[in-house]
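Chemist: Listed here are the chains, written in short residue letters.
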Amino acid sequence: MNPNQPSKQNKQSSQLKGFVFKTLLLIVIVFLLDFTIGTTLKYFYFKQESGFLYRTTYAIEKTKAEVLIFGSSRASRHYNPNIFSNRIHLSCYNVGHDGNFILYQYAVLRTVLKRYHPKLIVLDITRGDFAIRQNDYERLSALLPYYSGHSEIRPIVQLKSPYEAFKTLSFIYPYNSLLFSIAVGNAEFNKQKMKDINGYVPIEKIWNGSMATADSLPNYPMDSIKINTYQSFINDCVSNNIKLVIVCSPYLFKTTNPDNTINLAKAIALKSHIPFHDFSTDTIFVNKNQLFADSIHLNNGGATIFSNKIVDKILPF
Amino acid sequence: MLFNSFQFIIFFIVVTSVYFLLPYQKRWVLLLLTSCYFYMSFVPVYILILGFTIGVDYFSGIAIENAKAGQRKWFLLLSLVANVGVLSVFKYHNFINQNFTGILNCFHVSNPIPYLSILLPIGLSFHTFQAMSYTIEVYRGNQKAEKHFGIFALYVLFYPQLVAGPIERPQNLLHQFREKFEFDLERIGEGLKMILWGFVKKIVIADRLAIYVNTAFNHSGQHTGATFLLATIFFSFQIYCDFSAYSDIAIGTAKVMGFKLMVNFKRPYFAQTMAEFWKRWHISLSTWFKDYLYIPLGGNRLSAIRLCMNLMVVFLLSGLWHGANWTYIIWGALNGAYLVIEILGKKIHLPFLSSQLPQKLVRIFKILLVFVLSSFAWIFFRANTVSDAFDIIKKIASFKGPLFYENPSMLIYSFAGIFLLLLVEMKQEFYTGSFSFMHHKSWVVRNFTYAVLIIILLVMGVFDGGQFIYFQF
Numbered sequence: 065m066n067p068n069q070p071s072k073q074n075k076q077s078s079q080l081k082g083f084v085f086k087t088l089l090l091i092v093i094v095f096l097l098d099f100t101i102g103t104t105l106k107y108f109y110f111k112q113e114s115g116f117l118y119r120t121t122y123a124i125e126k127t128k129a130e131v132l133i134f135g136s137s138r139a140s141r142h143y144n145p146n147i148f149s150n151r152i153h154l155s156c157y158n159v160g161h162d163g164n165f166i167l168y169q170y171a172v173l174r175t176v177l178k179r180y181h182p183k184l185i186v187l188d189i190t191r192g193d194f195a196i197r198q199n200d201y202e203r204l205s206a207l208l209p210y211y212s213g214h215s216e217i218r219p220i221v222q223l224k225s226p227y228e229a230f231k232t233l234s235f236i237y238p239y240n241s242l243l244f245s246i247a248v249g250n251a252e253f254n255k256q257k258m259k260d261i262n263g264y265v266p267i268e269k270i271w272n273g274s275m276a277t278a279d280s281l282p283n284y285p286m287d288s289i290k291i292n293t294y295q296s297f298i299n300d301c302v303s304n305n306i307k308l309v310i311v312c313s314p315y316l317f318k319t320t321n322p323d324n325t326i327n328l329a330k331a332i333a334l335k336s337h338i339p340f341h342d343f344s345t346d347t348i349f350v351n352k353n354q355l356f357a358d359s360i361h362l363n364n365g366g367a368t369i370f371s372n373k374i375v376d377k378i379l380p381f
Numbered sequence: 014m015l016f017n018s019f020q021f022i023i024f025f026i027v028v029t030s031v032y033f034l035l036p037y038q039k040r041w042v043l044l045l046l047t048s049c050y051f052y053m054s055f056v057p058v059y060i061l062i063l064g065f066t067i068g069v070d071y072f073s074g075i076a077i078e079n080a081k082a083g084q085r086k087w088f089l090l091l092s093l094v095a096n097v098g099v100l101s102v103f104k105y106h107n108f109i110n111q112n113f114t115g116i117l118n119c120f121h122v123s124n125p126i127p128y129l130s131i132l133l134p135i136g137l138s139f140h141t142f143q144a145m146s147y148t149i150e151v152y153r154g155n156q157k158a159e160k161h162f163g164i165f166a167l168y169v170l171f172y173p174q175l176v177a178g179p180i181e182r183p184q185n186l187l188h189q190f191r192e193k194f195e196f197d198l199e200r201i202g203e204g205l206k207m208i209l210w211g212f213v214k215k216i217v218i219a220d221r222l223a224i225y226v227n228t229a230f231n232h233s234g235q236h237t238g239a240t241f242l243l244a245t246i247f248f249s250f251q252i253y254c255d256f257s258a259y260s261d262i263a264i265g266t267a268k269v270m271g272f273k274l275m276v277n278f279k280r281p282y283f284a285q286t287m288a289e290f291w292k293r294w295h296i297s298l299s300t301w302f303k304d305y306l307y308i309p310l311g312g313n314r315l316s317a318i319r320l321c322m323n324l325m326v327v328f329l330l331s332g333l334w335h336g337a338n339w340t341y342i343i344w345g346a347l348n349g350a351y352l353v354i355e356i357l358g359k360k361i362h363l364p365f366l367s368s369q370l371p372q373k374l375v376r377i378f379k380i381l382l383v384f385v386l387s388s389f390a391w392i393f394f395r396a397n398t399v400s401d402a403f404d405i406i407k408k409i410a411s412f413k414g415p416l417f418y419e420n421p422s423m424l425i426y427s428f429a430g431i432f433l434l435l436l437v438e439m440k441q442e443f444y445t446g447s448f449s450f451m452h453h454k455s456w457v458v459r460n461f462t463y464a465v466l467i468i469i470l471l472v473m474g475v476f477d478g479g480q481f482i483y484f485q486f
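Going line by line, the protein sequences match chains A and B.
Those letters in the first sequence? Residues 65 to 381, per this note's numbering, in order.
Those letters in the second sequence? Residues 14 to 486, per this note's numbering, in order.
The shape of chain A in the complex, shown without the other chains (with noise of 0.2 Å):
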């Protein structure tokens, strides 16, 4: 035998206790520094009272409009709850939201039918919205900070991974990638300027851009996961007696061909006899560059003729 044996032995079993300490310890010092950090994030996130976060976490967990718009970047920019409010005589909030399509709606209704049941609901529906587009499900990170206070959004921002309840176990990663706009949300020149009016966010600015006459649209492939969201958004409303109408709102340039979404949204819309307006054509907003911000975005001008036109095919409510 060896006489070395026992020493190298006891010589690696002393350095794999070592090795299993500081293992950890460097575990115990990540999860310090996660749950400062993260709780700090969560403060500061929820202190906010003005901007892009801020209308999300409105939209979630606080709003009680009688009437509310829901949608992208497009609805945000398109309707004036003002308008909505002078004209029907209810209150309205616009709770669309930047890059996000109909499995973050269907998210924000479900939050929304927990509190309350809401007299009128619109929801805009942009072109392409069904395609195939992974990007849609990574866009749902903007419900992270939600995750854990509400159990009604989970099974939808799963759907952005299988590992996202796991993640959500780190204090930080529903803030991941927000530290700045927590910082500036919560700053004091940012809550003038990032003013909304009832969620809508008006564009002052004018489409000097190229003037396309016709975009052909391609035949894509549609996401039947969206497609189902969609149609439980519908079914939702029904039985919670909301009246629902969904809309397609103007776009800049016309297509040679109709959108697939389009299409589908239409007919499922019709079948659950639900009013389906599609301003996409509408030769009133085609082309007139002066009601555009860019080319998928109303200005303010734009979005005030819209919203009237929209009120006047709700009314009489």
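Just so you know, not all the hints are guaranteed correct.
Derived pair list, reagent style BS3-like, types lysine-lysine, alpha-carbon separation capped at 27 Å [unchecked claim]:
| id | chain 1 | residue 1 | chain 2 | residue 2 |
| --- | --- | --- | --- | --- |
| 1 | B | K193 | A | K81 |
| 2 | A | K81 | B | K379 |
| 3 | A | K269 | B | K413 |
| 4 | A | K75 | B | K193 |
| 5 | B | K440 | B | K379 |
| 6 | A | K86 | B | K206 |
| 7 | B | K454 | A | K86 |
| 8 | B | K273 | A | K75 |
| 9 | B | K273 | A | K86 |
| 10 | B | K408 | B | K379 |
| 11 | B | K206 | A | K75 |
| 12 | A | K231 | B | K206 |
| 13 | B | K206 | A | K269 |
| 14 | B | K86 | B | K303 |
| 15 | A | K81 | B | K206 |
| 16 | A | K75 | B | K454 |
| 17 | A | K330 | A | K352 |
| 18 | A | K81 | B | K273 |
| 19 | B | K39 | B | K273 |
| 20 | A | K330 | A | K231 |
| 21 | B | K279 | B | K206 |
Hint data in this document are derived by calculation from the structure and do not stem from the laboratory.
Based on the hints, put chain B in the right spot on chain A.
Modeler: Chain B only, in chain A's frame:
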């Protein structure tokens, strides 16, 4: 299975744990099976292509070793034709066919050869080149033919470097599969550090920069010169961080288990000449081309004209290796041209560069020049088409229009990532012996450094980032 995924972290922990529990003689079985699983997690059926390559090269290697002198080259040729054949079918068929169609159309003739609707197998160029290096080395007598089929299959399939290198040589890797690697905590720690830094480079820097780069380059008609200038600079850092991160994770993963893979990057953006840049960038591929193409063509012992021609051939093929698209071929040609100009320019004496200016300033100037030249070439590498690339260059030259950014944080995170990279790499390049957080003698400092890097990952990382750029090659 991407390195930057939860699946991989679980896979790595399980495989490594079982690896150390097994007797060392049986570890190759585990590595072979798990490497197959790793590759099959992308497109399972493509394992058959690897099986074909492995089979041909295994038998070719033995045949080369056993054959008489005159017959050996035929077995080598068989192996090379089989490997290049696989590459040609899966990677170049449609490209060649497309160009052939273009030529025939000029004569109003239709092309009867059909296009193949197949996905390019992940990392095909990497493992094909690694397999080819084996038969070439056996032919040259530098490597004995591997008789153990399982060990040879593992040489081609070894999961850490299977899909994006480093492209190993048999002399370095094959014998390691028979070695007994102890559970060495120091080595394991070093490997884990490399993996951690690889994750930071990929998730915090490369994937963050990719957001801006993709927005600009994928909509080349909609953006301005200022935007493209910034996107080009960002892409230079993105591709470096993306690819070198993969190498770091690959080398670190292998190191944890005891394997030594070759270094693939040595801070290329601190190179002072283009020749030096290629000694620091994707070293395993550069040396592959040097050993198996450039030297057989004559190496440096040729007239200046032949030397320049050979360089152009090597770089054109290097471009083609990256992808079946004219953008890659132009990228290769540009880099070849840079080297040719550098060789010819050595004869021109620039006194103001050598005497009057301080050496530090000259050094900075040279580093910046190499960065500008390589970044210019990257435009072709990243652009979707050649005409897109020329449009982008035209726009950058005119430098008109505002700088695009969705929100200021988009740029702040991007610059913060580049700053972190430069800070670490400047320290490694210029202050090698000085203070180091990652290798500090106090484990408390080291532990805090790892913790801070993990927190940076959580705060600034892009967790929905895509796959590694080099997977497509």
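Chemist: Decide, hint by hint, whether the structure agrees.
Modeler: Hints, one by one, checked against the model:
1. B:K193 - A:K81: Within the cut-off at roughly 23 Å; holds.
2. A:K81 - B:K379: violated (50 Å)
3. A:K269 - B:K413: holds (20 Å)
4. A:K75 - B:K193: holds (20 Å)
5. B:K440 - B:K379: holds (19 Å)
6. A:K86 - B:K206: holds (14 Å)
7. B:K454 - A:K86: holds (14 Å)
8. B:K273 - A:K75: holds (25 Å)
9. B:K273 - A:K86: Holds, at about 25 Å.
10. B:K408 - B:K379: Roughly 25 Å separates the two Cα atoms, so the pair holds.
11. B:K206 - A:K75: Holds, because 23 Å separates the two Cα atoms, which is no more than 27 Å.
12. A:K231 - B:K206: holds (22 Å)
13. B:K206 - A:K269: Violated - the C-alpha atoms of A:K269 and B:K206 are around 51 Å apart, more than 27 Å.
14. B:K86 - B:K303: Holds, at roughly 20 Å.
15. A:K81 - B:K206: Measuring from Cα to Cα gives roughly 19 Å; hence the hint holds.
16. A:K75 - B:K454: holds (19 Å)
17. A:K330 - A:K352: holds (25 Å)
18. A:K81 - B:K273: This hinted pair holds, its Cα atoms lying about 26 Å apart.
19. B:K39 - B:K273: holds (19 Å)
20. A:K330 - A:K231: violated (37 Å)
21. B:K279 - B:K206: holds (17 Å)
Of the numbered hints given earlier, the model fails hints 2, 13, 20; all others are met.
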